[in-house]
Every structure is written in C-alpha cells, then in structure tokens.
Amino acid sequence: MIIAERKPFDEIKTMLKDYKKVLTVGCGTCVAVCLAGGEKEVAILNAELNMARKIDGNPIELGATTLERQCDMEFLDELENVVDEYDALLSMACGAGVQFLAERYPNKPVFPAVNTTCIGANKGVGWYEEKCRSCGNCVLGYTGGICPVTMCAKGLYNGPCGGTDRGKCEISQDQPCAWFLIHERLAAQGRLDLIMEFQPITAWQNQKPRTLVQPGYEKKKEAG
Amino acid sequence: MTDMKHTDMEEINIATDVLVLGGGLTGIKAASEIAGSGYKVILVEKDAELGGRKGPGTLVGLKEESKGLQDLEDKIKTDSNVEILTQASLVSAAGVTGDFTARLLKGAEVIEQNVGAIVVATEFATGALNEKYGLSLADNVLTQSRMDELLASESDKEKFANKTVAFLVSLGQEGNPLVLERGLRSVLALQEIDGCDAYIYAGDLKVASNGLERMYKESREKGAVYFKLTEKPEIVENGKTISFFDSVARRNIEISPDFIVVEEEMCANHLNEELAEILRINVGPSGFLQSDNVHFFPVRSNREGIFVAGSTREISSLPSAWTDVENIAIEVKDLLGDGKKIVAKNKAVVNEDKCVICLTCYRCCPHGAIYWGDKKAIISPVACQGCGICASECPMDAIQVGGFEDEDMTEKVKSGVVSGNGTPRLLAFCCQNSAFEAGEMADMFKMPLPEGLRMIKVPCAGKIDLDYILNAFVAGADGILVMACHPGNCKSENGNTFAQWRVNDAYRMMEEVGLEKDRLCFVGTASNMGSGFSSIVVDMEKRINELGLSPLK
Numbered sequence: 376m377i378i379a380e381r382k383p384f385d386e387i388k389t390m391l392k393d394y395k396k397v398l399t400v401g402c403g404t405c406v407a408v409c410l411a412g413g414e415k416e417v418a419i420l421n422a423e424l425n426m427a428r429k430i431d432g433n434p435i436e437l438g439a440t441t442l443e444r445q446c447d448m449e450f451l452d453e454l455e456n457v458v459d460e461y462d463a464l465l466s467m468a469c470g471a472g473v474q475f476l477a478e479r480y481p482n483k484p485v486f487p488a489v490n491t492t493c494i495g496a497n498k499g500v501g502w503y504e505e506k507c508r509s510c511g512n513c514v515l516g517y518t519g520g521i522c523p524v525t526m527c528a529k530g531l532y533n534g535p536c537g538g539t540d541r542g543k544c545e546i547s548q549d550q551p552c553a554w555f556l557i558h559e560r561l562a563a564q565g566r567l568d569l570i571m572e573f574q575p576i577t578a579w580q581n582q583k584p585r586t587l588v589q590p591g592y593e594k595k596k597e598a599g
Numbered sequence: 021m022t023d024m025k026h027t028d029m030e031e032i033n034i035a036t037d038v039l040v041l042g043g044g045l046t047g048i049k050a051a052s053e054i055a056g057s058g059y060k061v062i063l064v065e066k067d068a069e070l071g072g073r074k075g076p077g078t079l080v081g082l083k084e085e086s087k088g089l090q091d092l093e094d095k096i097k098t099d100s101n102v103e104i105l106t107q108a109s110l111v112s113a114a115g116v117t118g119d120f121t122a123r124l125l126k127g128a129e130v131i132e133q134n135v136g137a138i139v140v141a142t143e144f145a146t147g148a149l150n151e152k153y154g155l156s157l158a159d160n161v162l163t164q165s166r167m168d169e170l171l172a173s174e175s176d177k178e179k180f181a182n183k184t185v186a187f188l189v190s191l192g193q194e195g196n197p198l199v200l201e202r203g204l205r206s207v208l209a210l211q212e213i214d215g216c217d218a219y220i221y222a223g224d225l226k227v228a229s230n231g232l233e234r235m236y237k238e239s240r241e242k243g244a245v246y247f248k249l250t251e252k253p254e255i256v257e258n259g260k261t262i263s264f265f266d267s268v269a270r271r272n273i274e275i276s277p278d279f280i281v282v283e284e285e286m287c288a289n290h291l292n293e294e295l296a297e298i299l300r301i302n303v304g305p306s307g308f309l310q311s312d313n314v315h316f317f318p319v320r321s322n323r324e325g326i327f328v329a330g331s332t333r334e335i336s337s338l339p340s341a342w343t344d345v346e347n348i349a350i351e352v353k354d355l356l357g358d359g360k361k362i363v364a365k366n367k368a369v370v371n372e373d374k375c376v377i378c379l380t381c382y383r384c385c386p387h388g389a390i391y392w393g394d395k396k397a398i399i400s401p402v403a404c405q406g407c408g409i410c411a412s413e414c415p416m417d418a419i420q421v422g423g424f425e426d427e428d429m430t431e432k433v434k435s436g437v438v439s440g441n442g443t444p445r446l447l448a449f450c451c452q453n454s455a456f457e458a459g460e461m462a463d464m465f466k467m468p469l470p471e472g473l474r475m476i477k478v479p480c481a482g483k484i485d486l487d488y489i490l491n492a493f494v495a496g497a498d499g500i501l502v503m504a505c506h507p508g509n510c511k512s513e514n515g516n517t518f519a520q521w522r523v524n525d526a527y528r529m530m531e532e533v534g535l536e537k538d539r540l541c542f543v544g545t546a547s548n549m550g551s552g553f554s555s556i557v558v559d560m561e562k563r564i565n566e567l568g569l570s571p572l573k
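Residue numbers (the working numbering), protein chains in the order written: chain A, 376 to 599; chain B, 21 to 573.
Just to be clear, a hint being listed does not mean it is correct.
[Stated by the list, open to error] So the derived list for chain B, only partly shown, Cβ under 8 Å to chain A, looks like this: (1) Gly147; (2) Pro305; (3) Val376; (4) Arg383; (5) Cys384; (6) Met416; (7) Asp487; (8) Val494; (9) Asn524; (10) Tyr527; (11) Met529; (12) Val533; (13) Leu535; (14) Glu536; (15) Leu567; (16) Pro571.
[What the hints assert, rightly or not] Label pairs and their calculated CB-CB ranges: (17) A:Leu567 <-> B:Pro318: 19 to 27 Å; (18) B:Lys66 <-> A:Leu531: 29 to 37 Å; (19) A:Gly542 <-> B:Gly231: 56 to 64 Å; (20) B:Val111 <-> A:Gly542: 27 to 35 Å; (21) A:Glu478 <-> B:Lys126: 30 to 38 Å; (22) A:Leu567 <-> B:Lys97: 33 to 41 Å; (23) B:Arg383 <-> A:Glu478: 30 to 38 Å; (24) B:Lys573 <-> A:Val457: 24 to 32 Å.
The set of hints was computed from the structure by calculation and includes no laboratory data.
Virtual Cβ for every residue (Gly too), placed ideally from N, Cα, C.
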C-alpha cells in the first residue's frame, strides 16, 4: 500500500493561514491503514488546528469527512453538496488523492496534509518499510523476491557492485546489500543460476506520468 | 464491566474441547481433571512417552506417590475423553477462546483441532551448576538429576551402601525451596541404604514449602549432618576432599566423600518462548509464561481461555503444580460450561462500513481477543475485556465500546468543561479501576476537590483517545489529567502505557500549537488513593492558577 506521514504542523498551519472555513478530507484506504489520514487523524488534526488558530486570535471553522478513497471520482462526488460551504479543502490522502480532489473541484484551493512516502509494507503497528519504487519493470521473479531497485542504493538490475561489503552496502553498515541478500536467498533455493542472467537496462519511465489500462479494459476505455 | 441491565445479550455456541500442551506430570493431571469434568481433552507431548521428567525433584523417596502417578497415567491412556498425541507439537493457534483452531504437527501429518480453551503445562528445565563449585561431572560428581535417576533404580541404589555422600545446596545460586526439597528427598532415600552417610553443605536452607521443615528434621534425626555456610567450602581434586573452617569449633572440618551431589538451577522450559509466540501470550521474567501483573489470577494468561499451569509460570513442586491444575479445571468449567454462553452484544462493536482491516486493533489488543474476517475486524465477545484500547487506536473510529461510545464521550467532554465561579476548568479522565474509585472516595470523605473539576470515567486508561484530550482543550478546559493505573498494574496489561504514549503525543501537539504543556498531566493512581487523588487534583488546580486560564476559552 501507499505509505504517508502527516506533514509538520507548522507547514499545514501556514498553508491555511488565510482561510477561515476549511474541510478536512480523510481517505479511508491506504493512508487510513498506515495511520496517517483516516477518520481519527482527521479529528486530531482538526483539534490541533482549532487550538492553534484560537490561540493566534484567528479562529478557523473546520469540517471533517472521510471518504472511502480519494483516488476514485465516484467517491469524490460525495462532497459535491458541501464543498461550496468551504474556502479550501485539506486533503489527508496521498499525492494521487490530493490531485484528484483538486481536479474534481478545480475552483477550490486544495492543500495536502500528508507527505506521500512510498509504497511499503507493514512491519508492526505504525511501522512501515519501503518495498517498491514502482519502476514499471518488475524483476522480483529473478531476484528471489527481493527488489534491487528499492533495496540497492544504486538501484542495480544486475549486481552486486564493487561496494558490497560482507553483506552490507558501502553507504552504511546499517544498510544490507540487496544483492548479497538476493544471492543468499537464491542460493538457499538452489536457483543461483538466475543471478547470472543479464537483465536489460530499464528505460526509466517515471520521467512523465505513466498511465495504465488493465488488459481487458482497453475497449471499455475507448468506449468511454 | 458492562451494565447488564441495559445491555442486549445474546447466546452463542462455543467449542468445548480443551487442548493441553505438555505431557509431563502437570499435563497428565490437567488432562485427567478436565476430562473428569466431561470435556474432551487433546493432550500433546513432544516426546515419545508421557510422563516427562518423572523422577527429578518430585518422586524420589515417594513410592506411594509414584504408584499413584503411574495409575493416573494409565487412567488417562484408557479414558475415551482423552486423545493423546505424542511426538507432536503446536504449529499455530488461530482464533479466540471458545473457537481456537489449533494446528498440530505429528510426524508429517498436520492435525487441526477446534478447541475452546488451551492449557500450557510445560515442566521446568534444569541446568547443572557444578562449574559454580569448580567441579567437573564425573563418576563421583553427580548432578541432582543424575542422583534422582540412580535412586529411582533398585540396582543403582546399592552402589551407595557404606558410602559417604556430600550435597552442595544453595551456595551456587540463590536458594529455592524446591532445590532443597530435591536434595532432601535424596538424603532421605540414601538413609534407607545400609551404612550410607549424608553431609549437606548449604547456604540458606529455604524450607518455606509444604512438609520441607519436617523432611529436614527427619533427615537430621536419622543422622544427616548439615553444615550451614556463608561461602562455598574448599573442594580439592574434583571432590576428593571438602573442607571449611568451622568458626564455632575453631578448626578445619575436612571430609572425603565418595560422591558429591551438586545442586541444579531450575529454569523455564525452552519451549515456552515458542509457545508464547504461537499463542500470543506474554513472557515474564526468566522465560516463564506470565508477566508480573497483580491483576492476573495465578493460572491466567493475558488471553482469555489460555491457562498456564505449574512450572509453566513459575518453578513449582508437583503438589503446587497440581493445585494450579485443579484451579484451571474450575476455570475451564466456568468458561466453557455446556458450550452455550450468554454474552453482551455491544461489548465492542466493529462498524463494517468504516473498518479497513488495517489490523491495528488486532496488533494492539492485549487480550488477543481480535481477529478478522472478509470484511472487518471481529472482536470476540467472550475474550474481549472491554478495555477499549482498540477503539482508541482505530484510525477510522470504527470500534465502539459499550457504555463508552465516542458520541457520548465527546458529549461528556464538552459538558464536563464547566467553570466554578472563575476557578480553573479541570477535566480528569479516570480509569474505572483506579482513579475513578479514588476520586469517588475523595468526594465521599469530603476531601478537598477543586470546584471546577469533573471526572470522566473510562473502562481503562487505554480508552482515552488522543482527540478526547485535544477536544477537551478546544472546549476550553484549563487543565486535563489523564489518570491511569500504576505501571505494571493495568488490568489490560498496557492500557496505561498506551495512555502515556498518547499524552506524550499530545505534549508534542501542544508545543506545536503553543499551549503550555503544564496544562496536561499524566498520573498513576490506585483505587485506594482517596487522599492521593485529592492532593493530585488540588496541586493541578494550583498549577493552573499560576498559569492562568486557558487561552482557548
């Protein structure tokens, strides 16, 4: 899932300083699961803003709602009747949600309340680890299920480099060498031949926004 | 915990089979007792034979008892209510009390069992302490366990005829009555052998256990010689001679024993840690399966329906392990009954529309009462203790605890912020197990209490949401107290810790918004602290008076 963290409070406060009536919009999917932008966090952020603005002598009126997902227009439609009551929208969704919300209500200033961190996995309550850089060219089948793009400091598709140091990466003793781990796992599974297979270089596609249409949905897209 | 009169109840069916882990003497007794109450028992032992360490520390010198134990083992082997799985181990245990799904591995076969309760009955392990005395194990230097084995065999026993045996007890470790008991049983058994003399070199003789004083006296009357020492005696050539300076006789006392028996340390079974992880129960000091918490009844774990017996939870002699087992049999009967249970419908309710199955509640529940289905988290009404930690941690406010619903609590926070003629508006969130009772006591005994103080009762400090605290400030509270139980004294194990974490989080936020941190205070209390409560809240009022009223009002 997408992992996010709340922005520093001062930054949020500064963004909203000129607005008197703001709707805080939580998102009930990834950011709720990673404890950054669900209903609870909406309530906490609003309480904090309320206090700060009162103390500053510049009270703010805040609304609260949490949508199922902000990355689906249908759910954003649910705000249609209330948006006009507010001067601005404060989205607690990931970057995708914030942009979609801004796109759906182009006349309203939309502000992000969280920083989108990464695609990651849950290691414990409130504890996440980046697992995927969405490179668009998954090699996990060759690498024993360990992503070299995320784990390797150089993002090498073919490794290790000369900087591997007894299981650690040359950048830090706290950073395991991805290719060392890949070697260990493939060796344990008797699939070490895979490491010799050359992976072609990737044309880095994330220079411009990527779009994806799932196979089977192309026709539907064309038909609108 | 919930008010029965105003609570909808429902009847649910629960599984009544019971899983007993450990086929030692404690486990055998547990199987026998529980099967005796009419429940089907699955007894799981990792070794090929039941009985575990039958000799050590418990049986030597007790012919009557050992016959009884054999009879008991034979009895459960023929009991149709007891299914025995040897060379088997627990792989996983999903679900909650009344509906555990235990997966057991026996050879290559995986056996799945649906059980209502689980009893952990591992025996203690022993460790040789010969090195503490500078001794190496040899034909003449025996561990207590080896001695027990020899004495259990009629032919081996004879080798002690006309010999001198020296025992080293509680000089290599802090003594324990059971360590002494093992030694005493050996001494008494040796005294039945012709011409065998026993000398006991001991530090503190810990006799605080049933019958120990009697055994000690009996052995003395029969001629055992005790040397009570403050330090280890001098031992030469791996036990050829033992000597020490007797300060009363003012001379060196030297003996050349034929055998030396060295005490053993007794420790938690090495299986405990793995079992604790599978069963999601807490590990206490030194690897025993119960954390230090005054609220736990002796045989209970932090999870409803999982019980810990005898040496699983502390070093226990056989009689005390069996007392545990008898208590467990009563608890099991109380819990499982006839397989039908009346439970409160609203103890903790998950809103399916809001739940995103983020697993936060599952991970935070100290009682292991939560699991999940296709669409939402599921809270077992039998296992749930109603502490509300899950509800306060839920990122979607999807869990509501009966009697403490968010809507009501929000209203209570708002209406609780009242001024008594310009005095500070103080709000105290009080755990019902400690601070709330202390507060009521203070009120009843007319102890000084601030005029503007209102108490808000919570089922556990773990149910004090961060937004309750923040919104109380928004509503104009001048000071807020979060009153939890003392550390290590929370009925829900870590509800007070969660509350403390949230208060720390609130401090960070108060700093961000520019509100004085002194307006919020976390305190540990106990239910009998009436005057303590009074002085805490009076101090708080003083502190607020110095700060002035809240800038938020």
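Hint by hint, here is what the structure shows:
1. Gly147: Since the shortest Cβ distance to chain A is 33 Å, the answer is violated.
2. Pro305: With a minimum Cβ separation of about 23 Å from chain A (threshold 8 Å), the hint on proline 305 of chain B is violated.
3. Val376: 5 Å, holds
4. Arg383: 5 Å, holds
5. Cys384: Holds - the Cβ of cysteine 384 of chain B comes within 8 Å of chain A, reaching about 6 Å at its closest.
6. Met416: 5 Å, holds
7. Asp487: 4 Å, holds
8. Val494: Since the shortest Cβ distance to chain A is 5 Å, the answer is holds.
9. Asn524: 14 Å, violated
10. Tyr527: 12 Å, violated
11. Met529: With a minimum Cβ separation of about 5 Å from chain A (threshold 8 Å), the hint on methionine 529 of chain B holds.
12. Val533: 4 Å, holds
13. Leu535: Holds: closest Cβ of chain A sits about 6 Å from leucine 535 of chain B, inside 8 Å.
14. Glu536: 10 Å, violated
15. Leu567: Because about 14 Å separates leucine 567 of chain B from the closest Cβ in chain A, which is outside the 8 Å limit, the hint is violated.
16. Pro571: 5 Å, holds
17. A:Leu567 <-> B:Pro318: 19 to 27 Å: 54 Å Cβ-Cβ, so the 19 to 27 Å window is violated.
18. B:Lys66 <-> A:Leu531: 29 to 37 Å: 46 Å, violated
19. A:Gly542 <-> B:Gly231: 56 to 64 Å: 58 Å, holds
20. B:Val111 <-> A:Gly542: 27 to 35 Å: For glycine 542 of chain A against valine 111 of chain B, whose Cβ atoms are near 31 Å apart, the range 27 to 35 Å holds.
21. A:Glu478 <-> B:Lys126: 30 to 38 Å: Hint violated: Cβ distance 60 Å, outside 30 to 38 Å.
22. A:Leu567 <-> B:Lys97: 33 to 41 Å: 51 Å, violated
23. B:Arg383 <-> A:Glu478: 30 to 38 Å: 36 Å, holds
24. B:Lys573 <-> A:Val457: 24 to 32 Å: 29 Å, holds
When held up to the earlier numbered hints, the structure conflicts with 1, 2, 9, 10, 14, 15, 17, 18, 21, 22 and fits the remainder.
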